[in-house]
Amino acid sequence: MGKTLVINLENIIFQGDILDVGEKNLGIIYNISKEAKDEISLDYVSSDSKVELKDRKYDACTFFFELNKIWTSLEKERLIREISSYIKESGEIFIWDINKERGKIFNNKIKVILQNEKVKEFTFKNLNILLNSNIEEIKKILEKYFEIEETKAWEDVFFIRGKKLKTKAEVEENINYEGINYSD
Numbered sequence: 001m002g003k004t005l006v007i008n009l010e011n012i013i014f015q016g017d018i019l020d021v022g023e024k025n026l027g028i029i030y031n032i033s034k035e036a037k038d039e040i041s042l043d044y045v046s047s048d049s050k051v052e053l054k055d056r057k058y059d060a061c062t063f064f065f066e067l068n069k070i071w072t073s074l075e076k077e078r079l080i081r082e083i084s085s086y087i088k089e090s091g092e093i094f095i096w097d098i099n100k101e102r103g104k105i106f107n108n109k110i111k112v113i114l115q116n117e118k119v120k121e122f123t124f125k126n127l128n129i130l131l132n133s134n135i136e137e138i139k140k141i142l143e144k145y146f147e148i149e150e151t152k153a154w155e156d157v158f159f160i161r162g163k164k165l166k167t168k169a170e171v172e173e174n175i176n177y178e179g180i181n182y183s184d
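Residue numbering for the sequence shown follows this note's numbering, beginning at 1 and increasing consecutively.
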């Protein structure tokens with residue numbers, strides 16, 4: 001096993017309904033959301049639950065060490081595009097993941113610092129030498145659907161936070177609304 005990587009989530013605060021993307025939940029997002037003062041709804045997306053999501057809109061979406069498991073950039077973009085349709089206008093996306101080059105493996109302990117001095121530890125492995133994961137690839141995909149508001153990279157881990165961009169239809173609706181003459 002490699003090194004211990006520390007992720008400090010003490011100051012992460014979610015507002016409203018949260019969509020947590022992932023097959024295997026580590027309980028991290030749940031622990032952050034249950035500390036919120038307002039009532040929050042936390043839903044998990046997996047291949048089985050997609051049908052239930054079609055009529056929902058979320059204030060935030062989280063990916064916690066999930067995108068690195070997807071084989072191609074096209075598949076990552078397809079997932080992010082689909083997820084963006086479930087996020088409200090001005091909703092946010094939060095991504096924590098690994099920087100891993102093709103031909104390398106990732107086998108490290110992750111120590112997550114949560115609110116109220118709670119700590120969760122787990123070992124995260126991506127032993128597939130054919131998979132590639134990096135912050136630049138994810139930023140390039142996200143910029144099509146989100147305005148990147150924050151990025152951080154340390155050791156072999158990165159964080160990206162973005163705000164949903166208005167769709168073309170939403171922009172046109174605002175232009176038509178703003179173009180109305182109210183002086184009549």
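Some hints here could point you the wrong way.
Only pairs whose alpha carbons sit at most 16 Å apart, straight line, appear in this in silico EDC-like list of lysine to aspartate or glutamate [unchecked claim]:
hint: 1; residue 1: K88; residue 2: E117
hint: 2; residue 1: K140; residue 2: E77
hint: 3; residue 1: K166; residue 2: E82
hint: 4; residue 1: K100; residue 2: E136
hint: 5; residue 1: K88; residue 2: D55
hint: 6; residue 1: K109; residue 2: E155
hint: 7; residue 1: K104; residue 2: D156
hint: 8; residue 1: K100; residue 2: D156
hint: 9; residue 1: K139; residue 2: E75
hint: 10; residue 1: K144; residue 2: E66
hint: 11; residue 1: K125; residue 2: E66
Because the hints were derived from the structure by calculation, they are not lab data. Note that the structure is a prediction, hence the values are computed from the model and not measured.
Which of the stated hints cannot be reconciled with the structure, identified by number in ascending sequence? Violated hints: 1 and 10; rest satisfied.
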